[in-house]
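Participant: Given the structure of chain A, go ahead and fit chain B onto it with the hints provided.
2 protein chains.
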Amino acid sequence: MQKPSNPQGTRDFGPEVMRKRNLILDTIRGVFKKYAFEPLQTPALENLSMLTGKYGDEGDKLLYKIRSNREISHEIDEEKAQTIKDLFPDRWIPGESKLGLRYDLTVPFARFVVQHRNEISFPFRRYQIQPVWRADRPQKGRFREFTQCDADCIGSTSLIHEADLIHIYNEAFTSLNLSSTVVKINHRKFLEAMVDELSLDFPVAQFTSTLDKLDKIGKDGVVNELINAGIDEAKCLELFELIINSDLNKAILDQLAISFNQNVLAMEAIKDLKELVSYLGDSPLNIQLKLDLSLARGLDYYTGCIFEAIIPGSGIGSVSGGGRYDNLTDIFGLKDVSGVGISFGVDRLYEILESQKLWPNSKSFNQSILICHFNRETQVYGADIARKMRNKELSVLVYPDNKRINKQLDFANNKGFTHAIVIGQDEMESSFLTLKNLITGDQNKMSVDDCIAHLKS
Amino acid sequence: MQKPSNPQGTRDFGPEVMRKRNLILDTIRGVFKKYAFEPLQTPALENLSMLTGKYGDEGDKLLYKIRSNREISHEIDEEKAQTIKDLFPDRWIPGESKLGLRYDLTVPFARFVVQHRNEISFPFRRYQIQPVWRADRPQKGRFREFTQCDADCIGSTSLIHEADLIHIYNEAFTSLNLSSTVVKINHRKFLEAMVDELSLDFPVAQFTSTLDKLDKIGKDGVVNELINAGIDEAKCLELFELIINSDLNKAILDQLAISFNQNVLAMEAIKDLKELVSYLGDSPLNIQLKLDLSLARGLDYYTGCIFEAIIPGSGIGSVSGGGRYDNLTDIFGLKDVSGVGISFGVDRLYEILESQKLWPNSKSFNQSILICHFNRETQVYGADIARKMRNKELSVLVYPDNKRINKQLDFANNKGFTHAIVIGQDEMESSFLTLKNLITGDQNKMSVDDCIAHLKS
Numbered sequence: 014m015q016k017p018s019n020p021q022g023t024r025d026f027g028p029e030v031m032r033k034r035n036l037i038l039d040t041i042r043g044v045f046k047k048y049a050f051e052p053l054q055t056p057a058l059e060n061l062s063m064l065t066g067k068y069g070d071e072g073d074k075l076l077y078k079i080r081s082n083r084e085i086s087h088e089i090d091e092e093k094a095q096t097i098k099d100l101f102p103d104r105w106i107p108g109e110s111k112l113g114l115r116y117d118l119t120v121p122f123a124r125f126v127v128q129h130r131n132e133i134s135f136p137f138r139r140y141q142i143q144p145v146w147r148a149d150r151p152q153k154g155r156f157r158e159f160t161q162c163d164a165d166c167i168g169s170t171s172l173i174h175e176a177d178l179i180h181i182y183n184e185a186f187t188s189l190n191l192s193s194t195v196v197k198i199n200h201r202k203f204l205e206a207m208v209d210e211l212s213l214d215f216p217v218a219q220f221t222s223t224l225d226k227l228d229k230i231g232k233d234g235v236v237n238e239l240i241n242a243g244i245d246e247a248k249c250l251e252l253f254e255l256i257i258n259s260d261l262n263k264a265i266l267d268q269l270a271i272s273f274n275q276n277v278l279a280m281e282a283i284k285d286l287k288e289l290v291s292y293l294g295d296s297p298l299n300i301q302l303k304l305d306l307s308l309a310r311g312l313d314y315y316t317g318c319i320f321e322a323i324i325p326g327s328g329i330g331s332v333s334g335g336g337r338y339d340n341l342t343d344i345f346g347l348k349d350v351s352g353v354g355i356s357f358g359v360d361r362l363y364e365i366l367e368s369q370k371l372w373p374n375s376k377s378f379n380q381s382i383l384i385c386h387f388n389r390e391t392q393v394y395g396a397d398i399a400r401k402m403r404n405k406e407l408s409v410l411v412y413p414d415n416k417r418i419n420k421q422l423d424f425a426n427n428k429g430f431t432h433a434i435v436i437g438q439d440e441m442e443s444s445f446l447t448l449k450n451l452i453t454g455d456q457n458k459m460s461v462d463d464c465i466a467h468l469k470s
Numbered sequence: 014m015q016k017p018s019n020p021q022g023t024r025d026f027g028p029e030v031m032r033k034r035n036l037i038l039d040t041i042r043g044v045f046k047k048y049a050f051e052p053l054q055t056p057a058l059e060n061l062s063m064l065t066g067k068y069g070d071e072g073d074k075l076l077y078k079i080r081s082n083r084e085i086s087h088e089i090d091e092e093k094a095q096t097i098k099d100l101f102p103d104r105w106i107p108g109e110s111k112l113g114l115r116y117d118l119t120v121p122f123a124r125f126v127v128q129h130r131n132e133i134s135f136p137f138r139r140y141q142i143q144p145v146w147r148a149d150r151p152q153k154g155r156f157r158e159f160t161q162c163d164a165d166c167i168g169s170t171s172l173i174h175e176a177d178l179i180h181i182y183n184e185a186f187t188s189l190n191l192s193s194t195v196v197k198i199n200h201r202k203f204l205e206a207m208v209d210e211l212s213l214d215f216p217v218a219q220f221t222s223t224l225d226k227l228d229k230i231g232k233d234g235v236v237n238e239l240i241n242a243g244i245d246e247a248k249c250l251e252l253f254e255l256i257i258n259s260d261l262n263k264a265i266l267d268q269l270a271i272s273f274n275q276n277v278l279a280m281e282a283i284k285d286l287k288e289l290v291s292y293l294g295d296s297p298l299n300i301q302l303k304l305d306l307s308l309a310r311g312l313d314y315y316t317g318c319i320f321e322a323i324i325p326g327s328g329i330g331s332v333s334g335g336g337r338y339d340n341l342t343d344i345f346g347l348k349d350v351s352g353v354g355i356s357f358g359v360d361r362l363y364e365i366l367e368s369q370k371l372w373p374n375s376k377s378f379n380q381s382i383l384i385c386h387f388n389r390e391t392q393v394y395g396a397d398i399a400r401k402m403r404n405k406e407l408s409v410l411v412y413p414d415n416k417r418i419n420k421q422l423d424f425a426n427n428k429g430f431t432h433a434i435v436i437g438q439d440e441m442e443s444s445f446l447t448l449k450n451l452i453t454g455d456q457n458k459m460s461v462d463d464c465i466a467h468l469k470s
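Just so you know, the protein sequences line up as chains A and B, in that order. According to this note's numbering, the residues represented by the first sequence are 14 to 470, in order. According to this note's numbering, the residues represented by the second sequence are 14 to 470, in order.
The shape of chain A in the complex, shown without the other chains (with noise of 0.2 Å):
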């Protein structure tokens, strides 16, 4: 017999695990809501030719490719399948693969797009949370089969998107005890002009992806790595100078505005951020904002703000990223058009919650009661509570089973139920219930009425 086994680099989530995701996962949809983020679903299986050639020479190699057996039946001549079945028995006849797994939301989203854009009233924005597929290395933190959770506002230019998307930053982290998070914000043009004032001859993108590393290098290797690539120490110096990290606010702005000594790309980004600013209200934030002048999340993909949110002291690095971006629809010839977007690292936001235990009281997300008995007769009477209860929401169980109490009681241990009732002869003629917190270990004798009352507050 077989031992059960799921693969590598993929995990089952029981209920505890469950219950913490979708504490995370529907704080981050509630919030997407209220900024009336619509929900999206697009299948986990897409057409390959959508795919290759999406997420570069390395991303190709991690698609999941997909066969099945009716596709096969259609392609392959006799002949040349006989030479493969005499050369490799038991295995699969070639066939060219015409399907794959979702590799990311962002294509997905952009077929999407182009493909109802005439059906789609823009701007659009939508919400989309489901499980991606990376044939990568299974290594710590590092997983097969994960959930992305996106949020993008697409076919709109205004500032107000990402005034939206930093209050939903504040309420989701917020909300889920994580009003530490510093979220980092920076512009596409900021870095266009230090190459500019620097006058450094080599692009962007290859300036972008060393500053991007000062996290981890530190100034000195950041130095280093620039001074290897030719530019002088001097310059380098300079460029440290304009590099501030503060809070993002209209007096920082205007200083910028000399500091780069009025360059055109810097003023665009100080007018983006100024307008920002002026959507984003006067109530103060719970979170951190900080303009990071350093920021620019590797890819050189996104053309204005860029957003990163990153817990201090977590020994994680960032928990969400985003940015404009004028291109995503552009791989499916629907040029021009322009979005925002951010996206939730989950998984990272459980480990940072798990870690330093600051997942809410588990009453708040796991309320459950176990009604115990000693007999079918006290059983049938516990039902009818249960029906009761039911009734006002609760979620209660019945203990199936004729075990002796402390086993009913064990049971409810385990399972993480919150309360206990035990039914005994007493309660059936009283009409009372003892309620027993299984947390507090508090223990209290009420009417059925009173006890709904009390679990419902």
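Each hint should be verified, as a subset may be incorrect.
Chain copies aren't distinguished; within one or between two, either way the pair holds.
Claimed, not checked - Listed below are the simulated DSSO-like cross-link pairs for lysine-lysine, each with C-alpha atoms no more than 27 Å apart in a straight line:
#, residue 1, residue 2
1, Lys420, Lys46
2, Lys74, Lys111
3, Lys111, Lys16
4, Lys416, Lys284
5, Lys303, Lys229
6, Lys458, Lys46
7, Lys287, Lys416
8, Lys416, Lys348
9, Lys16, Lys74
10, Lys401, Lys263
11, Lys16, Lys348
To be clear, the hints were calculated from the coordinates, so they are not data collected in a lab.
Facilitator: Okay, now just chain B, sitting in the frame of chain A:
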């Protein structure tokens, strides 16, 4: 440029469809939770060896098999690979596929239970709502990627689970405006008792598969098929006297004990159903619960109670089915674990709610407000109003761009916003708002706080 498309047999779910699908799934999930079913998710990718041989020859043919470049490179000897490349340029190199896509939620659940049997406290009640994949011929109402929605209780023989599942049917269908639903119930042992009573000398499975066609081919069709299988007409008439179809209650069970002349198997079925009735309690159900002795649900898989839910007049077969089984985990080497479960057909429920226009008022599942404006000044004021509304958990969008008011209202109607607020100079100065209900056309002038209170009510 390739034309963007999704694969045959798959679907993109845009916002409107997603909201409706979520209404179904959230309703069912909410009911599962009230009955203390625990959430579980298993990966889409399973080791192919876990899937093959579990669904019969026909099922095996419908499995999607998966390859990645990573796997190929380690497996093939160079010389053979070259032969393949010569024969099939631009095609896959054959290799043994080790991964497949989940075909249903039952086998992964069985795998999970056996793999984690030492960590699970039994009885284990889980619900699981995830997509599955089948390389079926796409046709109307049949998809290659679709969502299954299952709940099972495993590791307990108590009939209280069956009673809970019936209450789940009652609550879920009532919440979905489908209280006309008929839930049919039967017991495997009644089917065996019929074979017994009539001294039929062919297998129960063959008998049940014929009987199962009653809805499709009618009584005459079933009789013909039984006669062809060698049963004489008199016995067929006797059979149809046994097949009652009545409300499930104690009286009908007593009557059955007489019809079956105290047949041992029938008496066991009656004992189970009496126990079930005792757990159901006295409060009447909204749905109809029918004992239907012709119900078999195809499979020779169920060992106790069998369920099927149909919606009369929908023109669609069952929208849910299930029953008790004793052999789920046998396939992975764990014997004698009894369970009972049901599965909802999400696509069929969607189709019925859509065709019978039974969706709840859109307000209750998509209340959302668009704030319209004339210029940047009124837009920034609108952003402030939006923040106040979002603080009260309302879903609000400030129209992001600078367009004419009628364009903004068109957008609101296209997107299905339920309300619009137009902010002009008057509104900014008076701090009153005009709230327009886009469904009824009603318009009301009120303060911001009253407006929020009105929308929350």
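Participant: Looking back at the numbered hints, which does the structure fail to meet, lowest number first?
Facilitator: none
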